[in-house]
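Chemist: Sequences listed follow chains A, B, C and D, in order. Final position of the first sequence in the working numbering is 413; the numbers increase by one with none missing. Final position of the second sequence in the working numbering is 1413; the numbers increase by one with none missing. Final position of the third sequence in the working numbering is 2413; the numbers increase by one with none missing. Final position of the fourth sequence in the working numbering is 3413; the numbers increase by one with none missing.
Be careful, since some hints might not be right.
As the list claims (entries may be wrong) - In silico DSS-like cross-links for lysine-lysine, where the CA-CA straight-line distance does not exceed 25 Å:
{"id": "1", "chain 1": "C", "residue 1": "K2209", "chain 2": "B", "residue 2": "K1013"}
{"id": "2", "chain 1": "C", "residue 1": "K2405", "chain 2": "C", "residue 2": "K2385"}
{"id": "3", "chain 1": "D", "residue 1": "K3209", "chain 2": "B", "residue 2": "K1323"}
{"id": "4", "chain 1": "C", "residue 1": "K2209", "chain 2": "A", "residue 2": "K209"}
In case anyone wonders, no lab produced these hints; they're calculated from the structure. Nothing here was measured: the structure is a model prediction, and the numbers come from that model.
Number of protein chains: 4
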Amino acid sequence: MIVFKVTMGNKRKIINDPVFGFITISGNNVLNVLQHPYMQRLGRIKQLGLSSFVYPGAVHTRFLHSIGAMYLMQEAINQLRMQGQNITHEDAEAAQLAILLHDIGHGPFSHVLENSLVEGVAHEEISGWMMQRMNNEFGGLLNKAIDIFHNTHHQHFLHQLVSSQLDVDRLDYLCRDSFFCGVNEGTVASARIIKMLNVLNDNLVVESKGIYSIEKFLVARRLMYWQVYLHKTSVAAEQMLINILKRAKSLAMNGIQIQGSNALQFFLHHDITKEDFNTNQTLDMYAMLDDSDIWSAIKMWCTHPDKVLSLLCNAFINRKLFKVKILNEPVDVKKVAQLKLSYQKTWNITEEESDFFWGIQSVSTDTYSPSDDRINILYNDGTIKDISDASDMLNINVLTKKVRKDYFYYTLL
Amino acid sequence: MIVFKVTMGNKRKIINDPVFGFITISGNNVLNVLQHPYMQRLGRIKQLGLSSFVYPGAVHTRFLHSIGAMYLMQEAINQLRMQGQNITHEDAEAAQLAILLHDIGHGPFSHVLENSLVEGVAHEEISGWMMQRMNNEFGGLLNKAIDIFHNTHHQHFLHQLVSSQLDVDRLDYLCRDSFFCGVNEGTVASARIIKMLNVLNDNLVVESKGIYSIEKFLVARRLMYWQVYLHKTSVAAEQMLINILKRAKSLAMNGIQIQGSNALQFFLHHDITKEDFNTNQTLDMYAMLDDSDIWSAIKMWCTHPDKVLSLLCNAFINRKLFKVKILNEPVDVKKVAQLKLSYQKTWNITEEESDFFWGIQSVSTDTYSPSDDRINILYNDGTIKDISDASDMLNINVLTKKVRKDYFYYTLL
Amino acid sequence: MIVFKVTMGNKRKIINDPVFGFITISGNNVLNVLQHPYMQRLGRIKQLGLSSFVYPGAVHTRFLHSIGAMYLMQEAINQLRMQGQNITHEDAEAAQLAILLHDIGHGPFSHVLENSLVEGVAHEEISGWMMQRMNNEFGGLLNKAIDIFHNTHHQHFLHQLVSSQLDVDRLDYLCRDSFFCGVNEGTVASARIIKMLNVLNDNLVVESKGIYSIEKFLVARRLMYWQVYLHKTSVAAEQMLINILKRAKSLAMNGIQIQGSNALQFFLHHDITKEDFNTNQTLDMYAMLDDSDIWSAIKMWCTHPDKVLSLLCNAFINRKLFKVKILNEPVDVKKVAQLKLSYQKTWNITEEESDFFWGIQSVSTDTYSPSDDRINILYNDGTIKDISDASDMLNINVLTKKVRKDYFYYTLL
Amino acid sequence: MIVFKVTMGNKRKIINDPVFGFITISGNNVLNVLQHPYMQRLGRIKQLGLSSFVYPGAVHTRFLHSIGAMYLMQEAINQLRMQGQNITHEDAEAAQLAILLHDIGHGPFSHVLENSLVEGVAHEEISGWMMQRMNNEFGGLLNKAIDIFHNTHHQHFLHQLVSSQLDVDRLDYLCRDSFFCGVNEGTVASARIIKMLNVLNDNLVVESKGIYSIEKFLVARRLMYWQVYLHKTSVAAEQMLINILKRAKSLAMNGIQIQGSNALQFFLHHDITKEDFNTNQTLDMYAMLDDSDIWSAIKMWCTHPDKVLSLLCNAFINRKLFKVKILNEPVDVKKVAQLKLSYQKTWNITEEESDFFWGIQSVSTDTYSPSDDRINILYNDGTIKDISDASDMLNINVLTKKVRKDYFYYTLL
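Chain A on its own, in the form it takes in the complex (with noise of 0.2 Å):
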């Protein structure tokens, strides 16, 4: 067959990436991995889940952002070398392995599939064991990187790199979700923080002069967070989502038949705990999975006998998502009671039904975690603060506060 033979040489690998330019494959152990099922499984997931619903620009994928990611820690890698920090050949590469895995276990819409399909069982922990069964199929290949992971491995500035307060999975979703999105305020300045970063005592710190980039990223995370991750239509587009997966799911135990994927089958006809992952075909099934099982099954369901689970489809796949208030003060009960008896006039079903067409979902998040990992700011004379000392601005009452907004969702008839 010479013919055809192709001489892959030592050619590097560069992949083009919108938001950081050509990003190089640094080997074949990466290249590798990249390839594997798993990882070309996250080119079938979005990365925002239903935000599209609201910022149409924002479907990229987990695996572009797993791929940006690793990129920036490229660049810290190179940074930390230079000013004088030894990391070998292997452990920069088990560093880049380890954050291109560190969301390998997400499923489609996350967040949704853990409050219905898979109830209890964390993605971080599903990442876990697809580590795990991909290092055997590697023949220990990944054994630094989930060192790393796990923050087991003895250069403890690594595991920060991959996860904390300011990680490169944070600097990279940053950038890349407002570049999707369209929501420049987002933006963060990811070269230039990681040309501030240092380690001392094996903990990764920021040069004082990085004050106001940091001050800059907290502040873009959290406007991040309020006017993408947590905006009320996607929200309410994930609780509608939700309560069809739960519906369909409740349908399917109750042997009513219903369409979709094997592998959404397998979900919606067994409930999965934890413990089920310990076979291989649960692992299995749920590697099959991604965005387009839900979506494919959604639309044969606008056509489902069940009127609930039809309703829901029907809203989803047209976008006529809930309405959303948000409440300064607790509902009315009375109202809920009204609006409740609407739904069951309307649509001629019970009263527990009406309640997949309205609900209130609380969403909070903070800017800044004095309990997690901290971000350390080095100064000239080798003194450290918290960044919530150093910073003139971002007091710590202000910033370790929880934010907290409740939002009723329902259907406008």
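Add chains B, C and D to chain A, keeping to what the hints say.
Modeler: Structure of chains B, C and D alone, referenced to chain A:
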């Protein structure tokens, strides 16, 4: 229900576009069309089909492209009005609706579908039928838009803005595709070009100082064709998908059970011709199809008993795409015979079946077509020249030359 | 002269701005004002004075800033009209002229001049006098613009657009300065903020969904202050320039010959007070001054026999700027005495003269001033809150705190 | 002086560039060269001379362009090392120094000066002399850089990076000039092109997949020539400045007093030839000249008793530039005679003097020069083709055609 009533008032709707920024929906008619299930469907169809295999950021939808083109239409109308053209409010709206709907008939992986499931029916025709259906639903609201689309409106230049060699469709997709691919070189100065537009004798013209921008537009378009639209890996991926769907259809037509959504099953089990679209059912089924049906089905077909189907589907899902070589001379038939034989032996398949794993695909494009609606340059003295005469760089021979490449694609064993 | 006659027609003039793209000159009145020598002079004065010592891209002019602010004024007026405000054509033009002229009185290195050559005369006053002169020349054309500038126009919100804590001046300069400095973090979503503007009771308000954008605007402004406007190296360079001009003036006033342009000589040889501006000559001389006079003179002064002057000028021209330390405690007077002594010995100068080579400069800024024109947030229910109350992040104490830094600058021997 | 001692340590210096982001100064040698008065002078000379009359953002300096080109040199060296080229640390530094200094001999409004004050001396020669002077000062530090500059270094491709048809000079200035002008169409994918570079037989080559980028590069360059560098208004402004300086020189040589800085006076009062640069004085005076001398003098000359000089200077300062028409046929001599007569009558000047107020200037450029260092395309099979053969769009006849335009410029009475 007073408490929950939402006064919509005359609030303008604004869409946040990462490419052009804020885009204003000009009124309720446009809003209603945007909300129509046919339009919403475009939000589930990627603009660039399988290009995300090569450019992982290129996952933007046909929905957003349509909105971007509508925005450029607004800008173009503003410009022409400033130049003194009379364009009524109704015609301006109709032009926006026409461009919004110009791609309404696209199916998932459009080109693929036209070569597998709905052979012999072009998406342009389907667009016409869908617009007609929508127009009936909206009680004639789209009459003028359809006139503009079909070039039966009395202002010819409005049709040219929708469909010509310098229409807002191209101005948007070149900007947008290059943005999401991260191929900055494909960017087109849409804003600048629009500022140079004028109308002479009911024909769109470009003022002479815009010559260099037009040259750059043509060069950028050509670059995007070879670097993105006709990228050998994308083309090969499309061929793989065509082969998958053809095989699936042939199995289905032979009575072999094959999984998939209702809509997909419909097209797998029927030979659809133009005439079939006279029935509402065919169009309804078509309108239910989107990218998710294809992906979801192919994942299931990975375990189908038919070896050809399952081999192709596994390769596709896990991005083990065909290898591609550009042929500079006719393919060596002996080598091909050897290749086919090796497939037959390896997988124990027939010779006929071995043809699913390789092929030759010719692609070609020109930069400028002298037979289509020309790009006319207007000089200060009132004379008009075709861009191919006006440009001192681009001579007509080069511009209109059809460049063709022959891709030989095959499976690497 | 027929052959050379140029028909200007009613062609709109367009200016190409790297920050906002195409900016349209709205009519001949604006064009004439732009062509006035006073406006053209702003094209020879850098917006950021000596910041290019730190950010070498920051060489943009006050002329371009004025045009950018005019563009945002056009956008703001469009927005308010869409919100239902009546703004006449004349008032819209006047608002554009007002913002175009708002900085007309700036001299080269404005802050420097006010501390050396024209002590006790603020550029705002000079702006007023220059506008008056232009208005006389233009036969009253600027009456309304001057009313808006001085807040005597009946529509108060137009003045607020020119001058308040959320005026188009700030919206432009934050965008523009961050663009040319390459400090992306200072970027402000001007377009988005303008889309959120409304008017209530003749006061500019921001719709509540714009809160996060306003927070980001305030944070970005603060960042730009510390990272650019009050950067220690820029501040020290300004002090060096002040010392140069003070020394040159003292030499000139003592009858020592000193080279320089006529305009510069005028200000070196006279103690100029406000009253002097009553004469046309003073304003004429002022209008002839720009950055080039200062640079050209300092180069010549490098070889002046006065040691203090030539030392400072050489240091300035060749960017051997003062070193700067941020004082966290009062400066050590003994060490300063030592320092001065070393200057005296090294250069054989008097103690008094040694003070030209070091100093302490305090800089300070707040983020939001509760005593100025407030930033008001408008809620859907019609209520209004000050941004410091509306924001759950920015509390009033933090926002209004004057942050001060003391820079100790000195010459490194 | 302990308290004020500043430990510089081995901190890397970083420059913030709005075009390329953070640029790292690679070491103390480069830093020292950057600090040299000759380099600092480039910070007072605009890259695009009078283009800011047309594009008001185009005020960036030659200093920043040199730094940008140095950055691209760093990138190119990284790329070639990854391709397997051996480039020593010393040679890499020398290449950076060579490109940093490649424009060191430019005077203010370079082209203008060469046509008025220092006739017959090209800036390239002056660059050579200045580098030599600097090399003497630095004790031979620049030996290798000068070798690369003059193409006497053993690695020819390093010279090609400094000076060829695809050098980092062009890659920077196309990006940078289009950025500051706001002419996005001129942007060049520098990063992408550099990723395609390789070396074959000591010659720079571009890998074949970069063909489209090279085509776009050539087209963008051509666009920038006609839209910016040879813009008729800029060219006419240059002619006005040439006439001003010629007139001023002729007055000075005739013993008429004329104001201006020492350095400018030197060149006004002497006929400078190449030989004069053998003396240190001439080079010293040249090194003192920058844009500020020209501007400051012209403002003073506005009131010079010589009518020709004052008329031209007033027009120049207040942007009443020559009008320009593109000649498509020889100018009508009778009309010109009429025009000159009208100038003579209006201003009471001689016929000879009337020639200062009009003229004809021919400008021309080609896109690609087949006689210079070629752009070579490397194919996967190891063959090399000239870009004019490799491209199927750009044929050699079109590419190498010198396009010429004749500008007739005159004063509108």
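Chemist: Work down the list of hints and note, for each, if the structure agrees.
Modeler: Now the hints, each set against the structure:
no. : hint                : verdict
1   : C:K2209 <-> B:K1013 : holds, 14 Å
2   : C:K2405 <-> C:K2385 : violated, 32 Å
3   : D:K3209 <-> B:K1323 : holds, 17 Å
4   : C:K2209 <-> A:K209  : violated, 32 Å
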